[in-house]
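J.: Let the hints inform the model, and build the full structure from the sequences given.
These are the residues of each chain, in order.
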Amino acid sequence: MTGETNETTTAPARFAIPSRILHWLMAPMVIAQLLIGVTMIASLSYYPLLLAIHRPLGVLILAFAVVRLANRLTHRLPPFLATMGPAERRIATWSEYLLYALLLVQPLIGWAMLSAARFPIVLVGPLHLPGIAPHDIDVYAVLRQAHSVFAFLLFATFTAHVCAVLFHTLVLRDRLLDRMALWPTKPAAPQQDETKV
Amino acid sequence: MEPGDHSDHGGEQDDKPAETEPTHPLRDALTRRSALLGMGAVAGFAAVDVGGFAYAGGWLRPDTLTPLLPSRFADRFEHVYGRHDGFRRNHAKGLAATGSFASTGAGAAICRAAVFRPGAIPLVGRFSLGGGLPDQTDKPDTIRGLGLLFQTPDGQQWRTAMVNVPVFPDSTPQGFYERLLAAKPLPETGKPDPQKMAAFLDRHPETVAAMKIIKRSPPSSGFADSTFYGLNAFWFTNSAGATVPVRWSVVPQDTGGTSGPGPSPGKDYLFDDLIRTLAQRPLRWRLVLTIGEPGDPTNDATKPWPQSRRSIDAGTITITAVQTEAAGNARDINFDPLVLPDGIAASDDPLPAARSAVYARSFTRRAEEPKSPSEVNVAQVLS
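These protein sequences, in sequence, are chains L and V. Residue numbers for the first sequence follow our numbering, beginning at 1 and rising by one. Residue numbers for the second sequence follow our numbering, beginning at 1001 and rising by one.
Derived by calculation from the structure, the hints in this document are not laboratory data. Glycine residues also receive a C-beta, built at the ideal position from the N, C-alpha and C atoms. Treat the hints with caution; some may be incorrect.
Unchecked claim - If you only want the chain L side, here are some residues facing chain V, beta carbon under 7 Å, derived: (1) P126; (2) A141; (3) L166.
As the list claims (entries may be wrong) - What the simulated footprint calls covered on chain V by chain L, stretch by stretch (three residues with Cβ under 8 Å from a Cβ of chain L suffice, anywhere in the stretch; the number is not a length): (4) 1069-1076; (5) 1277-1287; (6) 1331-1343.
T.: Written out as structure tokens, the structure is:
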């Protein structure tokens, strides 16, 4: 997973179109999943309904995460903007890896956790997945805790990611968000003072 | 991320010191204002994001104002019964069981779940006593429980946790939550505070009515001749898509045939009798599906359905063996009443959803706690 090159000189280069589509398809799923997960553990009456959404949505996120990983490995990233220093670039790179890892691992943990508790992994109606972990309450306990820890980590990473993008887009006004835009963006106004390499 | 006002120069080290360009004061003010607005937007997002997450998770809600949380339910069990690591918060004392279910095929008329097709499937079960004390003394009037897990070859499961009373004392989770505290035994008397209980019953006439019904059917002599009731109504849907409300029960086939003269005085006599009986012969119950009619309450487990309701003999539950609770057997199963196969669905009864949520919390807590041996030990009884 490499591909970062020098900073751009004109309009920010965008991510490849499949990357952008996958990003915006997954973003609402992941946000909804985090909210559903945290709401259901604190809900008495909506727990079963939310759980019935949480399970298939997690599997869907896992499927998308696999596709997205394949896409990530086969596409080059656009270069970093000039507004990002070396430290920030390193943080951005590692937090991207972390997000990929969490989006793949967190659904697998949920799946394994239900397997360890011997629950059927119901998707919709009679449709269900096989278990992927031994029936063992101690294994369940570890996975259940990991599921919480990773959920908080995912939430924190997501929050940091959005804050960083908003900071760039709204404070530095470097049009960082345009790199991921699926919507039409204005061609870059020449920004002379950013062009020296 | 440098929070500079407006760092115009490129990110890479450029040797040229970033001399502050002499610009118009107006433009400076504008950029400073927009930068501040931008930072406000970032801070606003972060506040809504973190605040919303924390609110959804119940961390920002004061105890008094909020609907019940599953964790508060589990806490209340611990408050009333003490915390007993590794055991269920309720129905803590128990014995694992295995057996089979031989379906007559008659249930298929109202339910498309594989469990009701003719044939036999394996069963995991658990006999238990109500309450959070894993080593309580067996008493005839303590609520007896039977949890069952039906596993069909198609990979689906049906879990049910039943008790030996025909109606439930509470119609809502809130009622149950309050009764739990009102019924907490006082240390001096070992009985609930009569004033608290009376105050609770004043506010809950449905519990008074249910208690009357429960009193009319006194407990049987042991587990083997107990009828266990599913209590809550569920929707059953057949292969044609027709849906009916159903309550189920398991009815003992060997009525009265349990151990001889009166209850033995042992601390675990209910379980000991069950263990000794099963050492000699299997025990059988009929699985009876009772079909509700329009107007029968599906959302209130305190109210019985009329005796005249049609019922279906869905098959025979045979318990062949019991095992001391241990890793891997029924000890480690959460008899969540909402683990249902396709063809059975929750009704508008508020209890199963709450049970599901609280069982999950109880299961997670005890999974994470150290385990200790259960009170009822099959080998000791049979030695």
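J.: For the region 1069-1076 of chain V, do three or more residues have a beta carbon lying closer than 8 Å to a beta carbon of chain L?
T.: Since three or more residues must qualify, the claim that chain L covers the region 1069-1076 of chain V holds, with 4 doing so at under 8 Å.
J.: How about A141 of chain L: closest beta carbon in chain V under 7 Å, or not?
T.: Holds. Min distance 4 Å.
J.: Holds or violated: P126 of chain L as interface residue toward chain V, Cβ cutoff 7 Å?
T.: 4 Å, holds
J.: How does the coverage statement for the region 1331-1343 of chain V fare against chain L, requiring three or more residues with Cβ below 8 Å from a Cβ of that chain?
T.: Check passed, 9 qualifying residues.
J.: Do the numbers back the hint for L166 of chain L, that is, is its least Cβ distance to chain V under 7 Å?
T.: Nearest chain V Cβ about 5 Å off; hint holds.
J.: At a Cβ distance under 8 Å, does chain L reach at least three residues of the region 1277-1287 of chain V?
T.: violated (count 0)
In this structure, only the earlier hint numbered 5 is contradicted, and the remaining ones agree with it.
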